[in-house]
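Trainee: Keeping their order, the protein sequence lines are chains A and B.
0 is the number of the first residue of the first sequence in numbering that gives the first Met the number 0; add one for each residue after it.
0 is the number of the first residue of the second sequence in numbering that gives the first Met the number 0; add one for each residue after it.
Careful: at least some of the hints might be erroneous.
What the hints assert, rightly or not - Anything over 10 Å on all C-beta distances counts as not near chain B; from chain A, calculated:
hint, residue
1, 89
2, 105
3, 116
4, 134
5, 137
6, 141
7, 226
8, 231
9, 259
Claimed, not checked - Sample of chain A residues at the chain B side, in silico, Cβ under 10 Å:
hint, residue
10, 9
11, 45
12, 51
13, 73
14, 80
15, 82
16, 87
17, 91
18, 94
19, 95
20, 122
21, 220
Calculated directly from the structure, the hints in this document are not laboratory data.
Note that CB positions come from ideal geometry on N, CA and C, so glycine has one too.
If you want the building blocks of each chain, they are given just below.
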Amino acid sequence: MRLEAVGKRYGLRQPWVVRSVSLDVLPGRLIRLEGRNGSGKSTLLRVAAGVTLPSAGRVTGRPHTGYVPERFPGGLAFSGRDYLLHLARVHGLRGVAAPRAVDEWLERLGAASYASQPLRALSKGMCQKVAIAQALLARPGLLVLDEAWTGLDQAARGVLDAAVAERVADGGCVMFVDHEQARLAGRISERWRLDESGHVTVVAGDEGRSGSGFGSALEGVIVIELTGLEASSAALLGGLPGVLSIDSGAARVSAGASDEVLRQVLGWDGVHVTAVRTEQPERDTR
Amino acid sequence: MTALLRYQTALLLRSNRWIFPLIAYGALIAVGAAGSTPLAEGLTWSAAMLVPVVAFLTRSMLLVEPDASRAVVAAAAGPAGGPVRAQLAALTAALGGGAVLGIIGAVFTLLTSEPAGSQPSGGVTGRITATIDHPAIFAAGLATAVVCLFVGAAAGTLCNPPLLRHPGAAALATLAVVIAALAANVSPANAALRGAGPSNVTAHWPSPLSFVAAVALLAITWTASALAAARRERSLS
């Protein structure tokens with residue numbers, strides 16, 4: 000999926016909430032959106048999920064998408080199960096696949112015993128489980144979670160974490176916003192930082208550092224920025240396995256070898272690592 | 000699209016928001032059926048009353064779904080054009096509901112009006128036989144109902160979210176546009192209804208122009224509504 004010069008504003012005379020975002024969303028990535036309240040995280044998620052069209056630019060190549068909104072108020076006259084059955088069919092599941100997927104997710108999220116109650120009678124947490132279940136029913140290629148963990152009990156939060164891991168392991172992409180800084184820590188492939196003016200800067204995630212990542216970090220290129228590199232140390236660095244190229248103050252290292260390269264470099268006197276990031280063709284969209 | 004239509008129809012049925020339009024339509028038809036009216040005139044009346052009923056049924060449909068679940072469905076209906084398809088499904092569900100009401104109204108009118116033809120014949124069977132002898136009268140009545148159905152749906156689409164978001168203004172505008180659609184000369188519904196005489200043997204067909212105009216109005220308002228839904232602003236509430 001690709002975002003091409005995407006901008007969004009709510010009305011012609013309104014300020015741009017998000018502007019000129021050009022980014023590739025690669026399969027198997029877990030992307031966390033960060034920014035202050037009102038910085039446009041939810042808006043960018045909505046545009047990415049296809050809930051709303053961008054005001055400028057376009058989104059191409061979007062896979063099948065599951066979207067969990069910030070608040071799912073229920074308020075519908077369906078029972079949880081009936082709602083999910085309808086949504087399963089809207090998601091494209093046919094025949095027995097629909098009830099099977101519905102029952103599976105109700106069970107996994109611990110909502111099966113409440114599924115026959117009308118949505119408007121359910122608690123906030125239960126409604127949230129229904130919203131999460133519908134997004135996961137069809138195993139979407141893109142999963143978009145807008146503070147989806149809020150209101151969930153401990154067990155369901157764990158289930159959602161596991162479901163995210165499954166999507167990523169399946170080669171799907173997951174984009175999320177959460178107020179909890181530690182959410183899915185150690186597994187995040189990219190962090191998209193939204194600033195006040197609506198621009199997005201991509202920084203490398205923390206996946207691979209803690210060893211609890213999903214393994215997809217072993218593809219792609221990691222850029223290690225350094226200072227104090229001299230001819231001798233540069234030659235030494237160039238000789239390490241996995242180092243692709245070195246130019247003024249930055250080494251491009253294949254992701255599988257980046258941990259070992261870092262470990263070596265950190266031991267050298269006079270050489271300092273100033274940044275580590277995932278290589279992005281259009282890293283800064285400004 | 001089938002799954003979306005089923006979802007939207009179920010949403011409308013379970014919300015009970017169809018009850019008011021149904022009762023209103025029943026009352027309006029009953030008023031028209033009071034006294035003895037010829038079949039053609041009765042059918043014209045029941046067609047005309049579809050305009051407000053379908054407009055408000057469309058309004059109900061457009062208001063029934065909270066923004067969050069609308070967003071969820073739009074994403075599910077994707078990956079491209081999801082919000083547009085979801086909106087068109089909602090509008091189609093309301094139109095379908097109106098069509099069902101229109102058919103019920105036409106059949107009720109058939110059973111209660113003066114029978115078609117010059118020979119008065121009593122009883123339900125007599126009325127049905129008389130209608131079968133003069134099929135054009137009933138067919139023309141249905142054609143008029145279709146024009147009114149489209150005009151009513153267009154009015155409801157135009158005057159409600161996402162095209163008109165202000166809650167109070169939307170209700171009043173729906174009412175005003177419905178009255179204008181029935182009363183103003185330029186309205187295709189008015190054109191279709193005009194000139195229905197008390198004749199009991201001649202069919203009263205809507206003009207082709209009124210039919211074309213009704214289809215055009217529906218196409219324009221639906222397109223605008225679907226695009227507005229896809230570009231949807233944050234809800235005002």
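Trainee: Each hint needs a verdict: does it hold in this structure or not?
Mentor: Outcome of the hint check:
no., hint, in the structure
1, 89, "violated, 5 Å"
2, 105, "holds, 16 Å"
3, 116, "holds, 14 Å"
4, 134, "violated, 7 Å"
5, 137, "violated, 8 Å"
6, 141, "violated, 8 Å"
7, 226, "holds, 44 Å"
8, 231, "holds, 53 Å"
9, 259, "holds, 39 Å"
10, 9, "holds, 4 Å"
11, 45, "holds, 7 Å"
12, 51, "holds, 5 Å"
13, 73, "holds, 8 Å"
14, 80, "violated, 13 Å"
15, 82, "holds, 8 Å"
16, 87, "holds, 8 Å"
17, 91, "holds, 8 Å"
18, 94, "violated, 12 Å"
19, 95, "violated, 15 Å"
20, 122, "violated, 16 Å"
21, 220, "violated, 28 Å"
Hints 1, 4, 5, 6, 14, 18, 19, 20, 21 from the list above are not met by this structure, while the remaining hints are.
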